[in-house]
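I would like the entire structure built from these sequences, with the hints used as guidance.
Chains A and B, in that order, give the protein sequences. All residue numbers in the first sequence are consecutive under my numbering, ending with 115. All residue numbers in the second sequence are consecutive under my numbering, ending with 112.
Hints in this document: simulated from the structure, not taken from any laboratory. It cannot be assumed that every hint is accurate.
Said to hold, decoys possible - In silico DSS-like pairs for lysine-lysine, Cα to Cα no more than 25 Å straight-line:
1. B:Lys99 / B:Lys42
2. A:Lys78 / A:Lys24
3. A:Lys68 / B:Lys42
4. A:Lys68 / A:Lys24
5. B:Lys71 / A:Lys78
6. B:Lys99 / B:Lys71
7. B:Lys56 / A:Lys24
8. B:Lys56 / B:Lys99
9. A:Lys24 / B:Lys99
10. A:Lys78 / A:Lys68
11. B:Lys56 / B:Lys71
12. B:Lys99 / A:Lys78
13. B:Lys68 / B:Lys111
14. A:Lys68 / B:Lys99
15. B:Lys42 / B:Lys111
16. B:Lys111 / B:Lys99
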Amino acid sequence: DAGVIQSPRHEVTEMGQEVTLRCKPISGHDYLFWYRQTMMRGLELLIYFNNNVPIDDSGMPEDRFSAKMPNASFSTLKIQPSEPRDSAVYFCASSSPSGTYNEQFFGPGTRLTVL
Amino acid sequence: GESVGLHLPTLSVQEGDNSIINCAYSNSASDYFIWYKQESGKGPQFIIDIRSNMDKRQGQRVTVLLNKTVKHLSLQIAATQPGDSAVYFCAETSAAGNKLTFGGGTRVLVKP
Numbered sequence: 001d002a003g004v005i006q007s008p009r010h011e012v013t014e015m016g017q018e019v020t021l022r023c024k025p026i027s028g029h030d031y032l033f034w035y036r037q038t039m040m041r042g043l044e045l046l047i048y049f050n051n052n053v054p055i056d057d058s059g060m061p062e063d064r065f066s067a068k069m070p071n072a073s074f075s076t077l078k079i080q081p082s083e084p085r086d087s088a089v090y091f092c093a094s095s096s097p098s099g100t101y102n103e104q105f106f107g108p109g110t111r112l113t114v115l
Numbered sequence: 001g002e003s004v005g006l007h008l009p010t011l012s013v014q015e016g017d018n019s020i021i022n023c024a025y026s027n028s029a030s031d032y033f034i035w036y037k038q039e040s041g042k043g044p045q046f047i048i049d050i051r052s053n054m055d056k057r058q059g060q061r062v063t064v065l066l067n068k069t070v071k072h073l074s075l076q077i078a079a080t081q082p083g084d085s086a087v088y089f090c091a092e093t094s095a096a097g098n099k100l101t102f103g104g105g106t107r108v109l110v111k112p
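Below, the structure written as structure tokens:
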């Protein structure tokens, strides 16, 4: 299995530009999570999906952030317009229920730099 | 790589010694706890988990201890190796275990 795939691995953009991050979860996993990791706030959950439906987006910082999951094998996290404070590493993770609890498998992350 | 350069507590340990990493959690309703390891340039990787009805669980070279009374979790690594150098995060959840809350992390540096 290739694991969770994220693209791009690195993104450098200028303030005000639109940024789209992409994620392909592990095949068969029906939960997908988007996290952001920064020096100041550590690892934060932004949003998660179950069977392509957003379940909890309470971690999304503001309306500039949006996430979609059009099908079971693809999700996007979009920032429009981007700001320097959005600079962070963004991780996607997926999981499949196994009993009551489930292990989340993380992708390699996308390092976003907004100038 | 995707290392974040967090200003983290750091545990420096000699190769071959045992390591103990501590974590305090805040939500008394949490009933499932996980330790993750994050190497430089990579995403967090599952190490070991424990449910609230247990106080100890052992894996390969790792042991997790849970003290619900004081809401404390620890990860013990036996015979620490250079490959154990990483940032370690504890995470907690409740209910169905889908929404994890991560701790701030501890950086472990293994000296040869």
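Structure-based check of each hint:
1. The straight-line distance between the Cα atoms of B:Lys99 and B:Lys42 is roughly 21 Å, inside the 25 Å bound, and the hint therefore holds.
2. For a cut-off of 25 Å, the pair hint linking A:Lys78 to A:Lys24 stands: about 15 Å separates their Cα positions.
3. Between the alpha carbons of A:Lys68 and B:Lys42 the distance comes to roughly 24 Å, so the proposed pair stays at or under 25 Å and holds.
4. For the proposed pair A:Lys68 and A:Lys24, the alpha carbon gap of about 12 Å is at most 25 Å, so the pair holds.
5. Restraint check for B:Lys71 and A:Lys78: not satisfied, since their Cα atoms lie roughly 37 Å apart, outside the 25 Å limit.
6. Taking the CA atoms of B:Lys99 and B:Lys71, the gap is near 19 Å; set against the 25 Å cutoff, the hint holds.
7. For the hint linking B:Lys56 to A:Lys24, the alpha-carbon distance of about 35 Å lies beyond 25 Å, and the restraint is violated.
8. Using a Cα cut-off of 25 Å, the hinted pair B:Lys56 and B:Lys99 holds, with the two alpha carbons roughly 23 Å apart.
9. For the hint linking A:Lys24 to B:Lys99, the alpha-carbon distance of about 19 Å falls within 25 Å, and the restraint holds.
10. Under the criterion of a C-alpha separation no larger than 25 Å, the hint pairing A:Lys78 with A:Lys68 is consistent with the structure, at around 8 Å.
11. Restraint check for B:Lys56 and B:Lys71: the C-alpha separation of about 14 Å stays at or below 25 Å, so the hint holds.
12. Between B:Lys99 and A:Lys78 the alpha-carbon distance is near 21 Å, which keeps this suggested pair within the 25 Å criterion.
13. For a cut-off of 25 Å, the pair hint linking B:Lys68 to B:Lys111 is broken: about 33 Å separates their Cα positions.
14. For the given pair, A:Lys68 sits about 18 Å from B:Lys99 by alpha-carbon distance, which is consistent with the 25 Å threshold.
15. Note on B:Lys42 and B:Lys111: the hinted pairing holds, with a Cα-Cα distance of about 21 Å set against a maximum of 25 Å.
16. For the proposed pair B:Lys111 and B:Lys99, the alpha carbon gap of about 35 Å is over 25 Å, so the pair is violated.
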